[in-house]
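Chains as they are written, first to last, in this note's numbering: chain A, 246 to 576; chain F, 352 to 408.
Because the hints were derived from the structure by calculation, they are not lab data. Just so you know, these numbers come straight off a predicted model, no measurement behind them. Misleading hints may appear alongside valid ones.
The list that follows gives simulated cross-link-like pairs (lysine to aspartate or glutamate, DMTMM-like), each with its CA atoms no further than 20 Å apart [to be verified]:
#1 F:Lys400 with A:Glu349
#2 F:Lys400 with A:Asp324
#3 F:Lys395 with A:Asp324
#4 F:Lys404 with A:Asp324
#5 A:Lys333 with A:Asp379
#6 F:Lys404 with A:Asp345
#7 F:Lys400 with A:Glu544
#8 F:Lys403 with A:Glu544
#9 F:Lys395 with A:Glu307
#10 F:Lys400 with A:Asp388
#11 A:Lys323 with A:Asp305
#12 A:Lys411 with A:Glu300
#13 A:Lys323 with F:Glu397
#14 F:Lys403 with A:Glu307
#15 A:Lys346 with A:Glu300
#16 F:Lys403 with A:Asp388
#17 F:Lys403 with A:Glu377
#18 F:Lys404 with A:Glu353
#19 F:Lys404 with A:Glu544
#20 A:Lys480 with A:Asp305
#21 A:Lys411 with F:Glu396
#22 A:Lys341 with A:Glu377
#23 F:Lys395 with A:Glu353
#24 A:Lys500 with A:Glu544
#25 A:Lys341 with A:Asp388
Computed beta-carbon distance windows for the label pairs [to be verified]:
#26 F:Lys404 with A:Glu248: 29 to 35 Å
#27 A:Asn308 with F:Lys404: 20 to 26 Å
#28 F:Ser394 with A:Arg372: 21 to 27 Å
#29 A:Leu503 with F:Glu397: 50 to 56 Å
#30 A:Ile348 with F:Leu408: 30 to 36 Å
#31 A:Ala414 with F:Val405: 36 to 42 Å
#32 F:Glu397 with A:Pro302: 24 to 30 Å
#33 F:Val405 with A:Arg550: 57 to 63 Å
#34 A:Gly371 with F:Ser394: 40 to 46 Å
#35 A:Ile348 with F:Lys395: 23 to 29 Å
#36 F:Lys395 with A:Lys399: 23 to 29 Å
For glycine and all other residues, C-beta sits at the position ideal for the given N, C-alpha and C.
What follows is each chain in one-letter form.
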Amino acid sequence: MIENYLPSGHKIMDTAIEGGQKTSYACGLAVDIASGHCHLGLPAQQGKVMIVDEETPTADLENWLDRFALGLGYGSYKDDLPIYVFSKLGFRFGRKELLDKLIEKVIEIQPSLIRMESLIAMLPGGRQGIVENDSGLGVTIRDDLEAILNACPKGTSLMLSAHSKKPCADFSLDDFRKANMVSLVRGHGSIVGQGCDTGIAIKQVSKYPEPTIFVVLIKPRRRAIPIKELWVELKEAEYGKGWARLEKIAPTVPKPSLLERQLYSYLHNEGRTTESKLRNAFSLHPAKAIYNAVMVGIERGIILRTPNGQYYATTCPTMGIEVIADAIEVG
Amino acid sequence: MIDINKQLSGYEGTFKPIGMASNVFWDLVEVIKLDEIRHQLPSKEEIAKLRKKVGAL
């Protein structure tokens, strides 16, 4: 579907934490495919897009689609692009009647891409409900997704969004790189095992008032994909308004967080410090956040670890802390 | 000044770099390519008709 990136005919699963750019990224992707525009500089196969959304408020979803359409020089997505949105249709996995209703629409539209958001929102509730940790959930999802894909033209891909587990909120970019899909996606392991042929993990690295930058990490499962990750900047006319575009950017060093800066200053003043002393000094922060901040400093070469497990800030005789702080600000 | 017709002659379909392109040239190629795609997109009437038929927003 997208050269060297998204395979045709796959069940694609994307995951990110809450507010981690899943919806905006999918809307940008939908507009690129519907218009045939290159997606992040990669040639895309033009085709119809069907969006089934049980989670995002309808107005917000349409706003994203319109903004991305505007970013490519189109008017409203409704008028100019073959994107067909079903918001709060009531679709739930494992319900044959609802599946048949959806398949009727798929047969009429014959889409190239079906976007479904989100897995959790599409679990049936009530007495006959399915919970996210149900061991049979993966098979139920697989059967429904296969039935939908069978009604589509050959080569159609289906992209289902899944929320990440809560601990992922404290994951560093490197943690996201190393983790496989099963350890990222919330719920039973069979969800990924059965419902995901190609995985995508999205990790936001900076947000407003800084530029909105996120990294799309590709987790191939059934087929090799040459691209490992894509750094993406959301460009927009103004924050939350006007045209929007997704642009591929070179990997960048994001501005250090407040905790990273405070931790560097602390180490600079205190000298060699043990882990337990660090944890006490920053006791209002979770241990994982402190660990991540230290690791970011180590990656940037401004914090060092002694062989006996103490940490200290590097100093340079010709540079004061302000200069180093400025240096880490600009990476 | 780039002669766009000369640059495009003998060039086949996939828009892969041919080693002599300037940024301006590739911007032009992108514009031409998008223009071609726009002509292939379904018309506004077709989009509206299908939207109504399937009950999409």
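These are the hints, each one checked on the structure:
no.: 1; hint: F:Lys400 with A:Glu349; verdict: holds (16 Å)
no.: 2; hint: F:Lys400 with A:Asp324; verdict: holds (11 Å)
no.: 3; hint: F:Lys395 with A:Asp324; verdict: holds (6 Å)
no.: 4; hint: F:Lys404 with A:Asp324; verdict: holds (15 Å)
no.: 5; hint: A:Lys333 with A:Asp379; verdict: violated (24 Å)
no.: 6; hint: F:Lys404 with A:Asp345; verdict: holds (17 Å)
no.: 7; hint: F:Lys400 with A:Glu544; verdict: violated (55 Å)
no.: 8; hint: F:Lys403 with A:Glu544; verdict: violated (54 Å)
no.: 9; hint: F:Lys395 with A:Glu307; verdict: holds (18 Å)
no.: 10; hint: F:Lys400 with A:Asp388; verdict: violated (31 Å)
no.: 11; hint: A:Lys323 with A:Asp305; verdict: holds (14 Å)
no.: 12; hint: A:Lys411 with A:Glu300; verdict: holds (18 Å)
no.: 13; hint: A:Lys323 with F:Glu397; verdict: holds (11 Å)
no.: 14; hint: F:Lys403 with A:Glu307; verdict: holds (17 Å)
no.: 15; hint: A:Lys346 with A:Glu300; verdict: holds (19 Å)
no.: 16; hint: F:Lys403 with A:Asp388; verdict: violated (29 Å)
no.: 17; hint: F:Lys403 with A:Glu377; verdict: violated (35 Å)
no.: 18; hint: F:Lys404 with A:Glu353; verdict: holds (8 Å)
no.: 19; hint: F:Lys404 with A:Glu544; verdict: violated (55 Å)
no.: 20; hint: A:Lys480 with A:Asp305; verdict: holds (17 Å)
no.: 21; hint: A:Lys411 with F:Glu396; verdict: violated (45 Å)
no.: 22; hint: A:Lys341 with A:Glu377; verdict: holds (19 Å)
no.: 23; hint: F:Lys395 with A:Glu353; verdict: holds (17 Å)
no.: 24; hint: A:Lys500 with A:Glu544; verdict: holds (14 Å)
no.: 25; hint: A:Lys341 with A:Asp388; verdict: holds (11 Å)
no.: 26; hint: F:Lys404 with A:Glu248: 29 to 35 Å; verdict: holds (32 Å)
no.: 27; hint: A:Asn308 with F:Lys404: 20 to 26 Å; verdict: holds (25 Å)
no.: 28; hint: F:Ser394 with A:Arg372: 21 to 27 Å; verdict: violated (48 Å)
no.: 29; hint: A:Leu503 with F:Glu397: 50 to 56 Å; verdict: holds (52 Å)
no.: 30; hint: A:Ile348 with F:Leu408: 30 to 36 Å; verdict: violated (19 Å)
no.: 31; hint: A:Ala414 with F:Val405: 36 to 42 Å; verdict: holds (37 Å)
no.: 32; hint: F:Glu397 with A:Pro302: 24 to 30 Å; verdict: holds (28 Å)
no.: 33; hint: F:Val405 with A:Arg550: 57 to 63 Å; verdict: holds (59 Å)
no.: 34; hint: A:Gly371 with F:Ser394: 40 to 46 Å; verdict: holds (44 Å)
no.: 35; hint: A:Ile348 with F:Lys395: 23 to 29 Å; verdict: holds (27 Å)
no.: 36; hint: F:Lys395 with A:Lys399: 23 to 29 Å; verdict: holds (28 Å)
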